[in-house]
Amino acid sequence: MTTLATPENLVYERPKAFTDVPTHYCPGCTHGIAHRLIAEVLDEMELTGRAIGVAPVGCAVFAYNYFDTDFVEAPHGRAPAMATGIKRVLPDSIVFTYQGDGDLASIGMGEITHAAARGENITVVFINNANFGMTGGQMAPTTLPGMRTTSSPNGRDVETQGYPIRMAEMLATLDGAGYIVRRSLHDPKNIRMAKKAIRTAFEVQVRGLGFSLVELLSTCPSNWDLTPVESLKFVEEKMVPYFPLGDYKVSPSVSAVKI
Amino acid sequence: MARELWEGNQAIAEAAIRAGLEAYFGYPITPQNEILEWMSRRMPELGRAFVQSEAELGAINMVYGAACTGARVMSSSSSPGISLMQEGLSYIAGTEIPVVLVNVMRGGPGLGNIAPSQGDYNQICKGGGHGDYHPIVLAPASVQEAVDLMPLAFDLAEKYLNIACVLLDGSIGQMMEPIELPPMREVNHREFPWAVSGAQGRERHILTSIYLEPNEEERTNLRLLKRWQEVQANELRYKEYSIDDAEIIVIGFGTAGRVALSAVRLARAQGIKAGLFRPVTVSPYPYERVAKLAKQAKVLLVVEMNSGQMLEDVRLAVNGRTPIEFYGRLGGVVPFPDEILGEIQRVAKKTPKIVDDPAKVWLKRMEAVTK
Amino acid sequence: MPARGTIEVNDLYCKGCELCISACPPDVMALDKERLTPKGYHPAHIVKDGCTGCAICALVCPDAAITVYREVTKSPAQQAAAAGG
Chain A
1123 MTTLATPENL VYERPKAFTD VPTHYCPGCT HGIAHRLIAE VLDEMELTGR AIGVAPVGCA
1183 VFAYNYFDTD FVEAPHGRAP AMATGIKRVL PDSIVFTYQG DGDLASIGMG EITHAAARGE
1243 NITVVFINNA NFGMTGGQMA PTTLPGMRTT SSPNGRDVET QGYPIRMAEM LATLDGAGYI
1303 VRRSLHDPKN IRMAKKAIRT AFEVQVRGLG FSLVELLSTC PSNWDLTPVE SLKFVEEKMV
1363 PYFPLGDYKV SPSVSAVKI
Chain B
35 MARELWEGNQ AIAEAAIRAG LEAYFGYPIT PQNEILEWMS RRMPELGRAF VQSEAELGAI
95 NMVYGAACTG ARVMSSSSSP GISLMQEGLS YIAGTEIPVV LVNVMRGGPG LGNIAPSQGD
155 YNQICKGGGH GDYHPIVLAP ASVQEAVDLM PLAFDLAEKY LNIACVLLDG SIGQMMEPIE
215 LPPMREVNHR EFPWAVSGAQ GRERHILTSI YLEPNEEERT NLRLLKRWQE VQANELRYKE
275 YSIDDAEIIV IGFGTAGRVA LSAVRLARAQ GIKAGLFRPV TVSPYPYERV AKLAKQAKVL
335 LVVEMNSGQM LEDVRLAVNG RTPIEFYGRL GGVVPFPDEI LGEIQRVAKK TPKIVDDPAK
395 VWLKRMEAVT K
Chain C
6 MPARGTIEVN DLYCKGCELC ISACPPDVMA LDKERLTPKG YHPAHIVKDG CTGCAICALV
66 CPDAAITVYR EVTKSPAQQA AAAGG
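Residue numbers (our numbering), protein chains in the order written: chain A, 1123 to 1381; chain B, 35 to 405; chain C, 6 to 90.
For reference, chain A alone in the conformation it holds in the complex (with noise of 0.2 Å):
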């Protein structure tokens, strides 16, 4: 019997910039998705050997074993600060953090919103999955009005526990601001979909556009307590209506690059 497994085939494999180690991410966790797609665009942009990441303190504390490129690790939502020490005195790496909600919107709220404000000319890629994940599943800004969590084992109630934050939304009101979009990874279109976004982000850092930021909704099976498959459901179901998915900010000089 021929195979059809032969390099002229060939159609997709792993990308060079995604490193050979197999991820401490749970099964079906969308990091993976997330920064697979990175790395895709890394390899197709041939940006790896000009790239250093800043990993978060979360899940994806880890990141810098997963990507091909120099990587720092930033203390817990200090990343776009340690990006903006980077890129200003190095303007010619392509620098990009890599957060999730506890990281970016909460214990982070300051640094991001002034490296959005102050138009630094680096990338973000935002993961939001509802909760901080890494700590066994708190309430984050970013939890949903009546999702439980073990720290709002009753669901949260906006009364005690106020309301979500809408960081695309919110960082798209700063005029420094260039590119901020937010997608989602729950299902094939949506993936495509994110692939260009990652693409465009990376684009406006190496033409020197602003500041760029990818907020992406994400799935955790583990401390939603859904399977892998379940937890997309929860996402297009529950996620999207709140956190609706689109063009936030994309300024003049963005919306004229032609990928």
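Treat the hints as calculated values from the structure; they're not laboratory data. Heads up, some of the hints might be wrong.
The list that follows gives simulated cross-link-like pairs (lysine-lysine, DSS-like), each with its CA atoms no further than 27 Å apart [what the hints assert, rightly or not]:
{"#": "1", "chain 1": "A", "residue 1": "1138", "chain 2": "A", "residue 2": "1318"}
{"#": "2", "chain 1": "A", "residue 1": "1311", "chain 2": "C", "residue 2": "53"}
{"#": "3", "chain 1": "C", "residue 1": "44", "chain 2": "A", "residue 2": "1138"}
{"#": "4", "chain 1": "B", "residue 1": "160", "chain 2": "B", "residue 2": "260"}
{"#": "5", "chain 1": "C", "residue 1": "53", "chain 2": "C", "residue 2": "38"}
{"#": "6", "chain 1": "A", "residue 1": "1138", "chain 2": "A", "residue 2": "1380"}
{"#": "7", "chain 1": "A", "residue 1": "1138", "chain 2": "A", "residue 2": "1311"}
{"#": "8", "chain 1": "A", "residue 1": "1355", "chain 2": "C", "residue 2": "38"}
{"#": "9", "chain 1": "A", "residue 1": "1318", "chain 2": "A", "residue 2": "1355"}
If you want a taste of the chain A side facing chain C, the calculated C-beta under 7 Å gives, among others [unchecked claim]:
{"#": "10", "residue": "1127"}
{"#": "11", "residue": "1136"}
{"#": "12", "residue": "1149"}
{"#": "13", "residue": "1183"}
{"#": "14", "residue": "1184"}
{"#": "15", "residue": "1310"}
The structure presented is a predicted model; accordingly, all values stated were derived computationally and were not measured. Ideal Cβ placement from N, Cα and C applies to all residues, glycine included.
Add chains B and C to chain A, keeping to what the hints say.
Structure of chains B and C alone, referenced to chain A:
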């Protein structure tokens, strides 16, 4: 070079620039705003990096990022801001990269006031942030000395992959003195073997302070400790005045040491055999030298602008062998020479006993005075 | 005629999360309950004919465990050209 009249903060900033500073990240806080302001004009002028960050938290993390590239980078702040920076300093120490910090102390704790103080000695000399690490701390007593210590701070930080802090207070930061600045040095971006810069053409570099495996973390801590021992062995600096035949040795750093020097000179003029020991490195602390001086002196008089922080280091060195007296002013109050002269005269007249806690004795006298 | 394709799932990475199985349009995939990966997961694999090499499984795979092949077919014009006509 001719001497010029410069304000402390501005001179410190300019000295750092002339030492090849590549990036400054900071935030306003009195009494060191002039450092930030000077940098905001000069750094862009020279094509170097400057950012006023959202807060000290942002500033120290920008410093952290830039230091990861091997750039010569610093920040500056004052007491409440230094507190905010402790997290970042701990991470920087755990990542083993060079960073310079200027700390212009003010009255505290809390918001306190903007007057000169030495109340943050323990915070910076004993680490301050979490974990087992030691910043190198240099304590100038004049604007010229601060200017001279700035390039040394960068060199020491890079030599030992350590934090180097230049520690002063609002009076030195704000005073104007005639000084000589060093000549301008161009930026010389060093290629450190560990720095991140984009991995093209080499193996990738990862800079982190995580060591999940406890044995790994222990090895890291031991590595930090070994390097610290080298600093202790090789980098002690101090100044001594009229010490050879001194029976009453006053010990003070920074502004307190400077005021004490005036008192020592006045005392000598009155025939009292007083001398001054002024540590310039307060971390590492010159314990051995103090222990030696304790053998020669009838009494050691520690003078500080705090409640007795360096006093503990002196007590450690002296180990109960010699009487120690303490004189402290707090909360932003700067002692005058005649106050310290009064103390010298008092202990010259009657050598005090060795007591458990010199600060307790002093506090009793203070209560009587400040009621 | 639909394209013909095949995939390879790398045991080192596959965690048996089933996202590919759920996403596969011709529904030709399932977990291999007869095997375990080194980490102890049942890996995904093709269980019947019909793979078109669409690569949607690889698109949704969080672990980049899947390599996809699709048969290169020539159009009638290309076949004629190849035959030297």
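Quiz item: Under the criterion that the straight-line Cα-Cα distance not exceed 27 Å, is the pair residue 1138(A), residue 1311(A) satisfied?
Solution: holds, 23 Å
Quiz item: Taking 27 Å as the top limit, are the C-alpha atoms of residue 1138(A) and residue 1380(A) close enough?
Solution: holds, 25 Å
Quiz item: For the hint on residue 1310(A), does the least C-beta distance to chain C fall short of 7 Å?
Solution: It holds, given that the least Cβ distance between residue 1310(A) and chain C is near 5 Å, below 7 Å.
Quiz item: If you draw a straight line from the CA of residue 53(C) to the CA of residue 38(C), is it 27 Å or shorter?
Solution: holds, 15 Å
Quiz item: Between residue 44(C) and residue 1138(A), does the CA-CA distance stay at or below 27 Å?
Solution: holds, 23 Å
Practice problem: Go through the hint on residue 1149(A) and say holds or violated, using the shortest Cβ distance to chain C against 7 Å. | Solution: holds, 4 Å
Quiz item: For the hint on residue 1136(A), does the least C-beta distance to chain C fall short of 7 Å?
Solution: The hint holds - residue 1136(A) has a Cβ within 7 Å of chain C, the shortest such distance being about 4 Å.
Quiz item: residue 1311(A) and residue 53(C): Cα distance at most 27 Å?
Solution: holds, 25 Å
Practice problem: Decide if the proposed pair is consistent with the structure: residue 1138(A) and residue 1318(A), CA atoms, cutoff 27 Å inclusive. | Solution: holds, 18 Å
Quiz prompt | Straight-line alpha-carbon gap residue 1318(A) to residue 1355(A), limit 27 Å | solution = holds, 22 Å
Quiz item: Per the CB criterion, is residue 1183(A) less than 7 Å away from chain C?
Solution: violated, 17 Å
Quiz item: Is the Cα-Cα distance between residue 160(B) and residue 260(B) 27 Å or less?
Solution: holds, 17 Å
Of the numbered hints stated above, those contradicted by the structure are hints 13, 14, listed in ascending order.
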